[in-house]
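Number of protein chains: 2
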Amino acid sequence: METRRIAEILKQAQPDETVTIGGWVRTKRELKGFAFMEVNDGSSMANLQVVLDPQVPSYDSLLQQINTGASVVVTGTLVPSPGKGQRIELKATSVTLYGEADPETYPLQKKRHSFEFLRTIAHLRGRTNTLGAVMRVRNACANAIHRFFQERGFLWVHTPIITANDCEGAGELFTVTNLDLKKLPRNEQQGIDFSQDFFGKRAYLTVSGQLEAEIMALAFQNVYTFGPTFRAENSNTSRHLAEFWMVEPEMAFCDLDGDQDLAEAFLKYIFKSVLDSCLEDMEFFNQRIDNTVLETAENIINNEFGRITYTEAIELLEKADRKFEYPVEWGIDLQSEHERYLAEELFKKPLIVTNYPKDIKAFYMRLNDDNKTVAAMDVLAPKIGEIIGGSQREERLNVLEERIKQMGMLPEDLWWYLDLRRFGTVPHAGFGLGFERVVQFMTGMGNIRDVIPFPRTPLSADF
Amino acid sequence: METRRIAEILKQAQPDETVTIGGWVRTKRELKGFAFMEVNDGSSMANLQVVLDPQVPSYDSLLQQINTGASVVVTGTLVPSPGKGQRIELKATSVTLYGEADPETYPLQKKRHSFEFLRTIAHLRGRTNTLGAVMRVRNACANAIHRFFQERGFLWVHTPIITANDCEGAGELFTVTNLDLKKLPRNEQQGIDFSQDFFGKRAYLTVSGQLEAEIMALAFQNVYTFGPTFRAENSNTSRHLAEFWMVEPEMAFCDLDGDQDLAEAFLKYIFKSVLDSCLEDMEFFNQRIDNTVLETAENIINNEFGRITYTEAIELLEKADRKFEYPVEWGIDLQSEHERYLAEELFKKPLIVTNYPKDIKAFYMRLNDDNKTVAAMDVLAPKIGEIIGGSQREERLNVLEERIKQMGMLPEDLWWYLDLRRFGTVPHAGFGLGFERVVQFMTGMGNIRDVIPFPRTPLSADF
Chain A
1 METRRIAEIL KQAQPDETVT IGGWVRTKRE LKGFAFMEVN DGSSMANLQV VLDPQVPSYD
61 SLLQQINTGA SVVVTGTLVP SPGKGQRIEL KATSVTLYGE ADPETYPLQK KRHSFEFLRT
121 IAHLRGRTNT LGAVMRVRNA CANAIHRFFQ ERGFLWVHTP IITANDCEGA GELFTVTNLD
181 LKKLPRNEQQ GIDFSQDFFG KRAYLTVSGQ LEAEIMALAF QNVYTFGPTF RAENSNTSRH
241 LAEFWMVEPE MAFCDLDGDQ DLAEAFLKYI FKSVLDSCLE DMEFFNQRID NTVLETAENI
301 INNEFGRITY TEAIELLEKA DRKFEYPVEW GIDLQSEHER YLAEELFKKP LIVTNYPKDI
361 KAFYMRLNDD NKTVAAMDVL APKIGEIIGG SQREERLNVL EERIKQMGML PEDLWWYLDL
421 RRFGTVPHAG FGLGFERVVQ FMTGMGNIRD VIPFPRTPLS ADF
Chain B
1 METRRIAEIL KQAQPDETVT IGGWVRTKRE LKGFAFMEVN DGSSMANLQV VLDPQVPSYD
61 SLLQQINTGA SVVVTGTLVP SPGKGQRIEL KATSVTLYGE ADPETYPLQK KRHSFEFLRT
121 IAHLRGRTNT LGAVMRVRNA CANAIHRFFQ ERGFLWVHTP IITANDCEGA GELFTVTNLD
181 LKKLPRNEQQ GIDFSQDFFG KRAYLTVSGQ LEAEIMALAF QNVYTFGPTF RAENSNTSRH
241 LAEFWMVEPE MAFCDLDGDQ DLAEAFLKYI FKSVLDSCLE DMEFFNQRID NTVLETAENI
301 INNEFGRITY TEAIELLEKA DRKFEYPVEW GIDLQSEHER YLAEELFKKP LIVTNYPKDI
361 KAFYMRLNDD NKTVAAMDVL APKIGEIIGG SQREERLNVL EERIKQMGML PEDLWWYLDL
421 RRFGTVPHAG FGLGFERVVQ FMTGMGNIRD VIPFPRTPLS ADF
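Residue numbers (UniProt numbering), protein chains in the order written: chain A, 1 to 463; chain B, 1 to 463.
With the rest of the complex left out, here is chain A (with noise of 0.2 Å):
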């Protein structure tokens, strides 16, 4: 059953060429004599148009099964289409039907569908145009990260997904447990004994993977970290996934400026790496979805990136003539509103802004000498806002320790991560990076359940 992809035939093969390919028919037209049907396979948006004739065996039985939705594997010869829009065509010499579609009951008809109804039927939304191109451009971002890593010499590491530190974001922690719910084990303080618990202690699923691949880059140097973090963050928003995916590289021997410095060679390559591999399908989210996604992604391909640091932006917000929803004074977290003013109306490019209040930041974030603002950055793109967020880490044992206590946290449970600060520490810093944000961004899709496969989110874990 060797069957070559359509995409593949599509761009190089010639005519004369006898190929058999494999998929499903997205529509079929009867004339007089002979019947045309396109087939897709999920290789590309465009299908290859199959033409058959009644010398094709079981000509009448096959075009009274073969509906939309309906698998073949077509063998032919390739012909010159002299229709428009394709290159070539295939002339069927035989037809298997695999799988019918039954009209009545098959959901994906040949007529648009709201992105909330394929949600209900996320195991065929696959076959649609804009989830096919939605999943190959996240394959091709994905692929992308991998390479410009790889390429780097940093390594993938795979840091925990079911974690007990619960020091970043309690509130927001799913907990793992393989206790029998009906029966919970109490201490005797009357709280639930985790002790009898799998992993003798209590154990959620892990919010970001920085500390242990900070871990892994005082080992290593560079490092990285691509994999699936949660939040049981009750938001029902267009933003907003329980699962999703992230991306964290954290460097040894790296200050801010090195951390932005990758942050942009990072955005430029993947946004360049899914405009080389993608076109096609950029090309219809630009048509279709967003008609900014093009112009986005060059935006950000072409221009060297501003760099302001967090009191020049405050500066520059406070003589706009305009007014904002959030008032603007120094040691206000940065909205929405004033990110986009200034990414998208006065450097009309990426921007990086760094040294924030240390008071809005976290708390492995290095204070700088000023004793206000800590070494962090955020990217900032038009159309986008926020898209990366990072920060040169505290690397001074003493300094960090006394911020995990004005935090409210207690040292003894970080006593690995002090550790790092103990024995051969180095400045080191890196980012995140939420990879369906940005699949989001680059595709315009309004909903980022619809950049998914299978989204998680309040009330909903089908498939």
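Simulated from the structure, these hints should not be mistaken for lab results. Worth double-checking, as some hints may not be accurate.
[Stated by the list, open to error] Where chain A lies over chain B, by a calculated footprint (3+ residues, C-beta under 8 Å):
| hint | segment |
| --- | --- |
| 1 | 201 to 212 |
| 2 | 226 to 238 |
[Claimed, not checked] Capping the alpha-carbon separation at 16 Å, the derived lysine to aspartate or glutamate pairs in EDC-like fashion look like this:
| hint | chain 1 | residue 1 | chain 2 | residue 2 |
| --- | --- | --- | --- | --- |
| 3 | B | K182 | A | D180 |
| 4 | A | K183 | B | D180 |
| 5 | B | K348 | B | E295 |
| 6 | A | K182 | B | E188 |
[To be verified] Below, a sample of chain A positions facing chain B; criterion: calculated Cβ distance under 10 Å:
| hint | residue |
| --- | --- |
| 7 | T3 |
| 8 | P82 |
| 9 | G83 |
| 10 | A122 |
| 11 | R125 |
| 12 | R127 |
| 13 | M135 |
| 14 | R147 |
| 15 | L173 |
| 16 | A252 |
| 17 | G258 |
| 18 | T425 |
Backbone N, C-alpha and C fix where the C-beta goes; we use that ideal spot for every residue, glycine too.
Please build the complex by placing chain B on the supplied structure of chain A, with the hints as guidance.
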């Protein structure tokens, strides 16, 4: 802080080049009027030897402060090395000490530590020779897996980690919950009311992405998963993890023959890639850990895999002049002793066994015409045993429904899986490979906990 990697310097750099490196000191030796440091940056097993003389600023205080484990950045000139074992060494002109490591408390002194001990300091063990080599091989293998599939047009698909399907292996599932365990809501039957949980129903950690990978294959033809999977199995063995990474390709328009072809090409590719990119590390394993690992790798790379049916395998085992602990008869599941006899002693090369009795295999495997066996395959390798398990999937709706009922499962729980057979069904096949098992076999490491950065096992979820 632009540094070059030591692996690249040792391989390519020439005498007289000025370079800057960053890394951790493995050993320091003081001689009369000069000193040596072996510096490692995780990019290779080999260290770069650094020569210091009193002209280096702060020579005396540096030598006092630098001990095993200290982190340094060194700038200097490469010179031919008079010592044996290295082509070049670095004559330092300046040394920056970033982090000391107190010899009284730093756990990784220059002596051999047991792997058990190293697991208790998993945040530092990547700085040892063995764990360093393991993590480089692990990365090389992971990268080879992506390249293999991407070169062949397979899409990397992210199947869900959190799932509401409990149809495979109910007893071994971790529960994922957001309920307050101290006040669990009850339903009318006094069970737990999971409708109030985050996902509105009981949710688990996935044990396999296969069923969802089938969804994607039936839209994109060729796909693969590479992600974490989970078993809440109380197995304290050297081959079990509660959290491990799995690779699961799935191909539409593919039968058991195509499945075998892919598995064989895949194994050859990843073993060859690792030998090509990590030969120094592999030689270390062969010398220090298991002196058969190179031979095993070559055996996999250079031999055409044997292919026999389960029935033939039983006949061969019955003919063997050998007493097995588990008696051989048609219908039994092959035990490790049987698999190793076949692959190691009889065939002396990798071997694919196909068409197992249906009663010992999963419900989704395609029923053969004999009505007794299914189109399953196991790939067995010398010294390793089963390394891959796969099958052609049952694509016939009525046969699949029958099998599901026979197994005591409810077809309505798998409505979407059955839909794939209802609408445009096609022959399809795939297999699964436990990533850590492969890394363990490649490296010869005795315990699987030493081939993943942060192992999760019963009573252990540290770091």
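Exercise. Verify the interface restraint on A:R125: the C-beta must sit less than 10 Å from at least one C-beta of chain B.
Key: 8 Å, holds
Exercise. Classify the hint on A:A252 as holds or violated, based on whether any CB of chain B lies nearer than 10 Å to its CB.
Key: With a minimum Cβ separation of about 7 Å from chain B (threshold 10 Å), the hint on A:A252 holds.
Self-check item: Status of the A:M135 interface restraint (C-beta, 10 Å, chain B)
Solution: With Cβ-Cβ at 6 Å, under 10 Å, it holds.
Exercise. Hold the hint about A:R147 up to the distance rule: shortest CB distance to chain B must be less than 10 Å.
Key: Result: holds, 9 Å to nearest chain B Cβ.
Quiz item: Taken at face value, is the distance from the CA of B:E188 to the CA of A:K182 at most 16 Å?
Solution: 14 Å, holds
Quiz item: Should the hint that A:L173 touches chain B count as held when the rule is a Cβ pair under 10 Å?
Solution: Holds, about 8 Å.
Self-check item: Outcome, coverage hint (the segment 226 to 238 of chain B, chain A; C-beta under 8 Å; three residues)
Solution: n = 5 at 8 Å, threshold three: holds.
Self-check item: Agreement of B:K348 and B:E295 with the hint, judged by alpha carbon distance not exceeding 16 Å
Solution: Within the cut-off at roughly 11 Å; holds.
Quiz item: Can we keep the A:G258 interface hint, with Cβ of chain B closer than 10 Å?
Solution: 6 Å, holds
Quiz prompt | chain B contact restraint for A:T3 - C-beta distance below 10 Å | solution = 5 Å, holds
Quiz item: With a cut-off of 8 Å between beta carbons, are at least three residues of the segment 201 to 212 of chain B near chain A?
Solution: holds (count 4)
Quiz prompt | A:K183 paired with B:D180 [C-alpha distance capped at 16 Å] | solution = 14 Å, holds
Violated hints, listed in ascending order, are 8, 9; each of the other numbered hints is respected by the structure.
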